[in-house]
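Undergrad: Model the full assembly from the supplied sequences, consistent with the hints where possible.
These are the residues of each chain, in order.
Number of protein chains: 2
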Amino acid sequence: MNIILLSGGSGKRLWPLSNDIRSKQFIKLFKKDDDSYESMVQRVYRQITTVDPDAKVTIATSKTQVSAIRNQLGEKVDICIEPCRRDTFPAIALAALYLYDVLKVSLDEAVAICPADPFVENSYYEAVGKLVNLATSNNANLTLMGIEPTYPSEKYGYIIPESDENVSKVLEFKEKPDTVTAEKYISQGALWNAGVFAFKLGYIVNKAHELIDFTDYYDLLNKYETLTKISFDYAVVENENNIQVMRYSGEWKDVGTWNMMSEVMTDDTIGNVVLDNECSNTQVINELDIPILCMGCKDMVIAASSDGILVCDKERSDYMKSYVEKFDGDVMFAEKSWGIYNVIDIQPGAMTVKIALQAGSNMKYHSHELRDEVWTIVSGNGTVVINGEKKKVSAGDIINIARGTKHTIFADTDMNIIEVQVGTEIDKFDKKVFNNDF
Amino acid sequence: MNIILLSGGSGKRLWPLSNDIRSKQFIKLFKKDDDSYESMVQRVYRQITTVDPDAKVTIATSKTQVSAIRNQLGEKVDICIEPCRRDTFPAIALAALYLYDVLKVSLDEAVAICPADPFVENSYYEAVGKLVNLATSNNANLTLMGIEPTYPSEKYGYIIPESDENVSKVLEFKEKPDTVTAEKYISQGALWNAGVFAFKLGYIVNKAHELIDFTDYYDLLNKYETLTKISFDYAVVENENNIQVMRYSGEWKDVGTWNMMSEVMTDDTIGNVVLDNECSNTQVINELDIPILCMGCKDMVIAASSDGILVCDKERSDYMKSYVEKFDGDVMFAEKSWGIYNVIDIQPGAMTVKIALQAGSNMKYHSHELRDEVWTIVSGNGTVVINGEKKKVSAGDIINIARGTKHTIFADTDMNIIEVQVGTEIDKFDKKVFNNDF
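Just so you know, the sequences run in chain order A and B. Counted the way this note's numbering counts, the first sequence spans residues 116 to 553. Counted the way this note's numbering counts, the second sequence spans residues 116 to 553.
Check the hints yourself; a few may be wrong.
Which copy is meant is left open, because identical chains are indistinguishable; a pair holds if it fits in one copy or across any two.
To be verified - Listed below are the simulated SDA-like cross-link pairs for lysine to any residue, each with C-alpha atoms no more than 25 Å apart in a straight line:
no.	residue 1	residue 2
1	K505	D148
2	K127	G386
3	K441	D382
4	K436	D414
Just so you know, these hints were derived from the structure itself, not from any lab.
TA: Right, here's the structure in full:
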C-alpha cells in the first residue's frame, strides 16, 4: 500500500526533549525487543512494514525534519518537503502530486494519509490496509478511520456514522465538543476522527486542480509559498457527500503531552536515573550524562536534555506550552543527516559542540565568516578537507579551522569530535555552503 | 579574638552541589545585599569580621579544601592543613600548635573553636566573643556555648548546667537522646551542645603534650598520620571537671540536609529556573546553564550541578546519603586556587573541561603521561609556558599539549579556556608537578 505520513509540528509540548527542530516523533522513548530505543516515527515505520512489507511510505514534512528522518530511517522512505507551512490541504495536495509526478503512482491507486505520531498496535495499520482496500473498491470518494471512543474527550472531533455497521456512510462531522455534548455524540454511536483516511490518488489530484491553479508537482512546489492556508477538512471533507467511515476499536493514543507519553513508556526510567522506593507513578527520561536522583516523587514526569530540565506534576503537563515558549535559547541538540550535534557549552565568545558522525557520512563543505573552529578528533578515522586539501585524521588529531576556511570531514568509521567555536559573533546563520567534487 | 573554624566533611548530604572536594560550606546559596551569592564559609567569615574587625581566623581543614578556601576567602585567613583525617582531638591539637608555633599566639591568649557551617545571626559571634572573654578571665578551663533548645531534637548532644544562670558550671553531658529523653533534659534546663568552645591556648597545648609524644607543631604535623583517632569530647571534655557553659538563645541552624538548607535560603530559586504558579514550598538551585522548568511541584527541593540532578521531596532529604554513595562518578566541578574547573563532557577516550582562571593566577607547572590536551583560549590574555618556552596568548589561540609536555598558564586578565583531553586513559592521578622558576 501507499501511505503518506504527515510529520508536522515543532514541539513545545514534550520539551525539553522536543524543540524547534526535533519534533516529538523523533524522540527515542520506546523500547524495542533488543532493549534499544526507537522513536515514534521509527516505531510507526516498523509497524507499517511489519503489516505490509511492500508498503511504500512517503513522509510529508518541512525542511527542518529531513535530517532527523534520514538519520532515523535512512533512505527507506521518500520525503515530500513542504517549502513552508500552509495547513493540511496544500500539504496533502503537494504530497499527492509528489506521488503522481515523482513516484509515478497511478491515479487509480489508493493512498492512505496518517499522522506520524499515534501510539497504536499493529492492528491499526492492518485497519489502514483495509481502508486502502475500501478506497480501491470505489464505494466512496473518501474513506475515514473512526476510532471507537473510550471516554467523552473534549480533544477530538467526532464522526457521526449513518449506522453502527463496521463500514458506514458518514452522516455528519462534529467539532471538538464539551464533555456533556461528547457524551451525547457517543450515545449516538459517534467515533473519534483521528485524521486517517484513504482515497484514490486521482481524487485528490483532481481536487487540487479544482482549487489551485498549477500544472504539475514542480509548478505546485514553486508556488507553494503563495498558496492560501486552508485545512483539508474545510477544503475537501465538508464539501464531499460521498464519505464512508470504518470503525477501529484497538488501542490508539495521541501522545501529545508528557502525561500521555508517560502512559505509553515501557520503562519508568530511561538513561542514568535512580528512583528511591518512595517514588510512585513517576517517569524519568535523562538524555544527559550526569545522574538524576529522585526521592519521594509522586505522579511526576521528569525529563532532561541539553535544552533543559523539566520537573512536572503529570496533571500540569497540559499547561507547559506557554512556559516553554518563554525559553528562547538556541537549540542545543540536533540530529543531522550525518549524525548528532550536541552543544555542551555556551559562553560569551565561544560555543563547544560534541559531534558524532556516522561511518560513511560527511558534512557539507562549508565555511564561516565570523568564527574560528578547532576540531579535536576523539575517536574514529576519516578524512578532513581544508581549502581543497585532503588529510587523513584519527584520534588525537587537532584541526585548526580559521574563519573563511572551507572545510568538511568524511567519516570512514563512526567518529567523535569536540568542536570549539571561537568568535565575537557565533550564529548558526554564519555558514556558506559550497559544492564539493571530492 | 582568635577563632579556629573547623571545616570538615566531604558532602554527600547536599549532593549534587556538594561532592568529595566541595563540602557544603563552599556552596554559594546565601544572597548578599548586592544580590550576589556567598557560601557558608564566606558568610561566617563576614559575620565574624563584622562583629570583630580584628578577628584572626584560622581554618583547620584537609588538603582538599585549601583551593576552595583560597578561591573564596583569598589570603585573609590562615589555614592549618590536616594531612589526613584523625578525628577532632588531633585536629584541634594541631590547630592549637599551629597558632602557637606558626602564628606565635601566646599561651595566655584565649581561642574559640567553631564549626564552619552553622546558619546563625551576627549575635552568635558576639556570643563567641563573650566566650573568649570568659575563657580569658580564667574561671574555667573550658567554656562552652549552650544553645537554648527550640524542640526536643534527637540530633544533638545535650549539656546539663548546674543552674539556669547565663553562665553556669556544667553538671553533665548527655549523648544524643530519643525524643522523650530529650524532653526530660529540656525540662531540667538542658542546652544543645553546638561544638563551640573557648580556652586559653596553653590549656590545649598542655593537653596535647600530655596525650601525644611530640616536640612542636612541625613534629606533630610529621607524625600526624600515626596519631590515634579520638574525639575532643572523649579525650578532653569528659575528663575535665572545670567546665562552664554560656547560654545562647539566638537563631542557630545546623543546615546538614537539603530540607534544612531550603529553610534558610533567601530566595526560592537560584539560577535559571522557572516555577509555575502551582508550585509551593519548593526551592530550586540550578548551577547549570540550561533552564529548569518546575510545574506543580509541592514541598520539593531540586538542585542541579555538573555532578547530577536531585529531585527530592523535602521529607526524604534526610535519606539521601546512601543513594548518593552509589554514584561513583568523577567530580565534575572543582574550585581551584586559580579559579574554576568544570567538566562539560566525558566520553570514552576524551574529557572536555571548561576552565576559568582568575586574573593574576596560574596553574602549577605540570605534565601528563597518558593524554594529550588542547587548549582553546576563549577570552582574556595570559602567558602559556610549554617546555620552558613562554608565549603570549589571547582569544582564539590554540595550544597543543602532547603527552609528556610540561605546561602551565599565567592569567594576566580573567581567562576562559576550553580544554579537550584525549587519551586512552584519562585519570586525575596522571599528573606530574614540577617546580617553576618563571
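Undergrad: So which of the earlier hints does this model not fit?
TA: Of the numbered hints given earlier, the structure breaks just one, which is hint 1.
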